[in-house]
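There are 2 protein chains.
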Amino acid sequence: MSGNGDPQRFLVLGGRGFIGSHLVDALLTRGHYVRCFDRPHVSPLAADHLSNPNFLLHEGDFTSEADIEAALEGCDICFHLVSTTLPNSSNIDPVFDVESNLKGSVRLLTHAVRAGVKKIIFISSGGTVYGIPQEIPIKETHPTNPICSYGITKLATEKYLGLFRELHGIECVVLRLANPFGERQRIQASQGAVAVFLGKVLRGEAIEIWGDGSVVRDYIYVADVVDAMMRSITYSGEEYVFNIGSGRGISLNQVLDSIENTTGCAARRRYLPGRSFDVPASVLNIDRAARLLNWTPKTDFDQGLDKFALWLRKQLEHSGV
Amino acid sequence: MSGNGDPQRFLVLGGRGFIGSHLVDALLTRGHYVRCFDRPHVSPLAADHLSNPNFLLHEGDFTSEADIEAALEGCDICFHLVSTTLPNSSNIDPVFDVESNLKGSVRLLTHAVRAGVKKIIFISSGGTVYGIPQEIPIKETHPTNPICSYGITKLATEKYLGLFRELHGIECVVLRLANPFGERQRIQASQGAVAVFLGKVLRGEAIEIWGDGSVVRDYIYVADVVDAMMRSITYSGEEYVFNIGSGRGISLNQVLDSIENTTGCAARRRYLPGRSFDVPASVLNIDRAARLLNWTPKTDFDQGLDKFALWLRKQLEHSGV
Chain A
1 MSGNGDPQRF LVLGGRGFIG SHLVDALLTR GHYVRCFDRP HVSPLAADHL SNPNFLLHEG
61 DFTSEADIEA ALEGCDICFH LVSTTLPNSS NIDPVFDVES NLKGSVRLLT HAVRAGVKKI
121 IFISSGGTVY GIPQEIPIKE THPTNPICSY GITKLATEKY LGLFRELHGI ECVVLRLANP
181 FGERQRIQAS QGAVAVFLGK VLRGEAIEIW GDGSVVRDYI YVADVVDAMM RSITYSGEEY
241 VFNIGSGRGI SLNQVLDSIE NTTGCAARRR YLPGRSFDVP ASVLNIDRAA RLLNWTPKTD
301 FDQGLDKFAL WLRKQLEHSG V
Chain B
1 MSGNGDPQRF LVLGGRGFIG SHLVDALLTR GHYVRCFDRP HVSPLAADHL SNPNFLLHEG
61 DFTSEADIEA ALEGCDICFH LVSTTLPNSS NIDPVFDVES NLKGSVRLLT HAVRAGVKKI
121 IFISSGGTVY GIPQEIPIKE THPTNPICSY GITKLATEKY LGLFRELHGI ECVVLRLANP
181 FGERQRIQAS QGAVAVFLGK VLRGEAIEIW GDGSVVRDYI YVADVVDAMM RSITYSGEEY
241 VFNIGSGRGI SLNQVLDSIE NTTGCAARRR YLPGRSFDVP ASVLNIDRAA RLLNWTPKTD
301 FDQGLDKFAL WLRKQLEHSG V
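Protein chains in written order, with my numbering: chain A, 1 to 321; chain B, 1 to 321.
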């Protein structure tokens with residue numbers, strides 16, 4: 001077994017995305033070799049990776065068996081951050097969700113075993129696998145009854161990771177993320193309240209809030225997510241599923257208050273009727289990650305928001321918006 | 001809503017199989033209309049159904065969208081007993097398992113909603129969805145970490161039933177069966193210890209036992225399974241997942257002892273090394289079904305075995321083996 005300091009060969013599926021690009025940064029900084037797999041023509045969030053000799057961009061489609069097989073070749077550890085669907089829209093076509101995400105992930109596992117990959121670290125969803133919380137904060141042992149297809153395919157992928165570990169000895173770690181936010185998050189996406197709200201406030205646009213804004217979520221700064229991912233590389237205990245969040249609940253109204261404080265701009269709030277699929281509160285219990293991964297979040301919400309806002313202001317200036 | 005006594009239109013997916021054919025009997029006896037969906041050329045276990053004017057055989061493939069869409073048309077309630085894989089062999093090709101069983105089941109649900117089906121009753125697997133038991137007998141709330149792909153696709157199908165109930169109001173019941181046995185069970189199959197052993201004893205063949213025969217399982221007589229299925233038709237409570245077993249554990253050696261008592265023939269036992277994927281004991285806690293479905297098994301193991309042996313002797317005589 002190689003020591004912690006030896007460079008290893010990583011495959012990052014979804015490495016040009018918001019979280020993936022930060023992960024690639026961290027891996028390259030530690031001197032590892034990184035093969036980044038993403039769809040063709042994904043607008044680069046961190047173009048400087050391409051100039052790093054340890055970085056290789058491998059474009060392909062997650063649902064293509066040949067592309068995945070080629071991407072895995074010669075890799076020691078694979079980070080799986082790909083999803084072909086979003087939580088809300090996944091319910092429109094759950095057959096596609098099963099076909100693309102779950103079948104794609106099981107095929108990935110099958111080929112990872114053949115390719116001799118030692119470990120797979122999978123980004124799951126702390127906001128959807130549990131369904132409606134019976135208690136807050138939510139432990140990893142909470143019942144899992146998702147109310148969206150996205151949550152079911154994430155959960156089933158977790159189960160397949162456990163099965164492949166049992167059958168083939170391939171190591172695995174599952175990180176059930178709360179709501180990540182931070183630099184490089186896309187502000188025109190349909191998910192990510194912090195990014196969407198921050199973008200609108202900086203551009204003086206009105207913000208539509210479903211319900212009265214009392215809905216509570218757990219927001220985690222991207223650098224803390226990457227820290228948990230990096231700690232997963234050397235972890236090898238029996239438990240393999242971890243909640244990764246702040247452990248603290250913040251309402252949408254509090255998010256907007258913080259954004260106003262950080263930016264000095266007023267948030268123009270428009271309250272709309274609530275949506276049936278929004279649970280009133282979702283906060284993760286992060287004791288297991290603290291105990292076993294020796295991980296705790298270092299950046300509180302307002303600190304993270306400051307950094308994100310600083311970056312986003314620059315982006316908006318550059319783009320002339 | 002129609003009363004309990006009014007005939008309804010049922011679709012039974014897998015209606016020519018071991019359990020399905022008994023279910024069809026029970027539905028026809030109560031005066032219901034039954035459309036039986038199964039693959040072409042399945043050797044009929046109960047040919048007399050075809051002479052019943054309320055019975056319609058609808059041959060097709062579960063993985064064909066057009067076949068499933070046509071089968072669902074005009075049906076009130078659907079029993080889903082189809083599986084394209086077996087517990088052990090499912091691990092050989094889990095991608096196929098996801099593609100055929102899970103994707104097929106989610107497509108079934110999608111078309112059931114469109115067809116106006118009111119309820120789906122799904123036969124799940126009490127022997128595989130839980131994985132290695134942490135406590136015996138196993139409650140429905142036990143953690144679910146299957147050690148075969150078959151168990152994962154069953155579990156994911158259960159989750160989709162819950163999701164579709166939430167999103168589209170289609171009712172559902174999930175019956176997690178223990179090991180069913182009884183008349184019409186195939187003795188040349190690769191699963192079903194009671195049937196395989198009984199067949200071998202009646203034909204004087206040696207029986208291969210993996211391990212020392214102390215492995216404990218929960219065996220449930222087929223008429224009791226059908227009773228639980230029939231009670232599921234009118235059930236409409238919030239809980240929808242039920243263990244259906246005897247609630248009692250029997251070792252393989254005890255199964256063989258009982259077979260010797262019932263048949264008066266000696267079982268020629270050959271003990272082989274144990275298999276890693278056989279958990280030492282699996283027994284279901286059936287309190288929830290007793291409380292909410294008002295169901296308890298009526299036939300104990302030896303009574304069920306008597307009936308099965310009587311039927312099987314006749315079959316073997318007829319076939320001249």
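Be aware that one or more of the hints could be misleading.
To be verified - Here are some of the chain B residues that sit facing chain A, going by a computed Cβ distance under 7 Å:
#, residue
1, Pro94
2, Arg107
3, Asn145
Calculated from the structure, these hints are not laboratory results.
Virtual Cβ for every residue (Gly too), placed ideally from N, Cα, C.
Worksheet entry | Status of the hint placing Pro94/B at chain A (closest C-beta pair under 7 Å) | It holds, given that the least Cβ distance between Pro94/B and chain A is near 5 Å, below 7 Å.
Worksheet item: Given Asn145/B was flagged as interface, is its beta-carbon under 7 Å from a beta-carbon of chain A?
Response: Constraint on Asn145/B satisfied, holds at 6 Å.
Worksheet item: For the hint on Arg107/B, does the least C-beta distance to chain A fall short of 7 Å?
Response: At 5 Å from the nearest chain A Cβ, Arg107/B passes the 7 Å test, so the hint holds.
Violated hints: none; the structure is consistent with every hint.
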